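Colleague: Residues per chain are reported as follows:
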Amino acid sequence: MIEVRELTKRFGELVAVSDLTFEVEAGRIWGLLGPNAAGKTTTMRILTGYLPATSGRATVAGYDVFDKTDDVKRSIGYLPEIVPLYLDMTVEAYLGFVAEIKQVPKAKRKAAVSRVVESAGLKDVRRRLIKNISRGYKQRVGIAQAMIHDPQVLVLDEPTIGLDPAQIREIRELIRGLRGEHTILLSTHILPEVTQVCDGVVIINEGRLMASGSLDELAASFEKSDGVLVRLRRAGAEEAALFRGLPGVEKVEVEGEEIRVEWRRGRDLRDDVARLVLDKGLGLKEMRSVAGIEDLYMKIVAGGGEQ
Amino acid sequence: MRNIWSLIKKELRAYFSSPIAYVVISGFLLLVGYFFYSLITWFNAASMQMAQNPYYAQQVNVNEMVFSPLFHNMTIILVLVAPLLTMRLLAEEKKTGTDELLFTSPLSVGQIVLGKYAAALIMWTIMLALTAILSIFVFAHGNPELAPWLTGYLGLFLTGALFLAIGLFFSSLTENQIVAAFLTVVTLLLLLVLNWVTSSGAGGWRSVLSYLSFSEHFGDMTRGILDTKDLVYYLTFAGFGLFLAHSVIQSRRWR
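Protein sequences, first through last, are from chains A and B. Per my numbering, numbering of the first sequence is gapless, rising by one per residue and ending at 307. Per my numbering, numbering of the second sequence is gapless, rising by one per residue and ending at 255.
A hint or two may mislead.
[What the hints assert, rightly or not] Computed cross-link-like contacts, DSS-like style, restricted to lysine-lysine with a CA-CA straight-line distance of at most 27 angstroms:
| # | chain 1 | residue 1 | chain 2 | residue 2 |
| --- | --- | --- | --- | --- |
| 1 | A | K138 | B | K94 |
| 2 | A | K110 | A | K131 |
| 3 | B | K9 | A | K110 |
| 4 | B | K229 | A | K131 |
| 5 | B | K94 | A | K68 |
| 6 | A | K108 | B | K9 |
| 7 | B | K9 | A | K123 |
| 8 | B | K9 | A | K138 |
| 9 | B | K9 | A | K106 |
| 10 | A | K110 | A | K123 |
| 11 | B | K94 | A | K131 |
| 12 | A | K108 | A | K138 |
Hints listed in this document are in silico derivations from the structure and should not be mistaken for laboratory results. All values derive from a computational prediction rather than experimental measurement.
Could you build the full structure based on these sequences and the hints that come with them?
Modeller: Right, dumping it as structure tokens:
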């Protein structure tokens, strides 16, 4: 549904995006992950037709972004990083205006506004002025305007930035609810967002592609070892030595208040580790898997400098 | 066309849902009303005196003595009013990031520029229509000629069309509304006074400068002269202003 081939964007000397290639299948939610200034926003602006690329190709919903810009614009709903709101309008009037400029036929406009008000949970504020509603509601209005013309593709730039934890959870649920109906590309620099919401991820750093694929594929290809982080009553050399004695364990390290226990991928020593903790009465406080996206992301971004 | 109309409606709603429209329209009407009142008072006294003398009595002309100076005064007020109508049109979209919504919608830059321009021009037309009410008194109690009054109003409309196009261009240059407004005022004042040098004689530039100054062209129209030369002047320069605004936006996206 979204295809990007060798995309490059320069601003004078600055190379914002360099030789970027990736693909997003129809109906999936894909994360565009990278630290700040990695080129996420620039990539999205090119896909939505806001900026022209310096070189390379991109197609959205089968239309070339550069030759068929208007068709692309009709097939994409876009939430920019700074939500484009007219503060002096009511929520309803604003959505009505967006429906007009997105060329929703006049007969269907009312229904379109009602539909997005419903699905973005804006019923309570539909007649309020946008300047008077909360940050979380403003973000919802932003997502609602992106969906107003029922586009095949949604491009959401940092949809949860600046929200409080409760609002973040709500917005994530809203986005998850759109899976299947829309193909979604969302950018973020927050790791849990990808694991909680996305099917796959494109990781970029300094404008370059670091990795892309579904979450499982990536985890398998980047992790040779598997392991857990254990938080105990106390973490010292004594406890570490106990874990080292377990058969199959390859590496044990004390990391602050936690102990990292690793073994070769393919086996699973979680039960053994847990049993040891209980038998020795080490006072278990927490135990979690290390093969998450967090490790992966840190490795990729840290390794980016060497490539 | 439908796209342009959507933008026009949005801009008009923006004018009227903020204090801008009410403040600008009422301030404009207050000033025009005051000028009208003082001109009529002066005209009453002057025509009374002139009626004493059969030679001067022939020369009493309400068009020349009331409408013409009133229209000139209105263009001077417009120098201050036009920037207020245009300064936010493009600058604010850029500043608040809403330009990203417009430019990722299936709208062309030309449609965006025209929609915003048309909205400002409609505001100016509303203001002109409201001032026309004052003229009703003159037509009811006197016998002014209709033709110079009509060409005068056409001249005012075209002057607005020119000024607003210049204002829109400056609004496209910056995201700071005050900068946009100030540059517009400076340019419009220059246009207003460019022909002053011609009276003191500045060589070959004289005819160029006096052609550039809108007062020359506007003067014709308040006297009831409708010359294609004047129409061409207004339409070319207004069109040029819109073309520049369009180019600025286009080039900013390609940079």
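Colleague: Against this structure, judge whether each hint is valid.
Modeller: So, going through the hints one by one against the coordinates:
In summary, the hint linking K138 of chain A to K94 of chain B is supported, as the alpha carbons are separated by about 19 angstroms, within the 27 angstroms threshold. Restraint check for K110 of chain A and K131 of chain A: satisfied, since their Cα atoms lie roughly 22 angstroms apart, inside the 27 angstroms limit. As the CA atoms of K9 of chain B and K110 of chain A are separated by approximately 17 angstroms, the hinted pair is consistent with the 27 angstroms bound. Annotation: proposed proximity of K229 of chain B to K131 of chain A is violated, straight-line Cα distance about 49 angstroms (limit 27 angstroms).
Simply put, K94 of chain B and K68 of chain A have alpha-carbon atoms about 25 angstroms apart, close enough for the 27 angstroms limit, and the pair holds. Straight-line distance between C-alpha atoms of K108 of chain A and K9 of chain B comes to about 19 angstroms, which keeps the hinted pair within the 27 angstroms bound. With a CA separation close to 25 angstroms, the supplied pair K9 of chain B and K123 of chain A stays within the 27 angstroms bound. For the hint pairing K9 of chain B with K138 of chain A, the CA-to-CA distance comes to about 23 angstroms; that is within 27 angstroms, so the pair holds.
Only pairs whose Cα atoms come within 27 angstroms are accepted, and K9 of chain B paired with K106 of chain A is accepted, the gap being roughly 15 angstroms. For the proposed pair K110 of chain A and K123 of chain A, the alpha carbon gap of about 14 angstroms is at most 27 angstroms, so the pair holds. Between the alpha carbons of K94 of chain B and K131 of chain A the distance comes to roughly 18 angstroms, so the proposed pair stays at or under 27 angstroms and holds. At roughly 24 angstroms between alpha-carbon atoms, K108 of chain A and K138 of chain A fall within 27 angstroms of each other, so this suggested pair holds.
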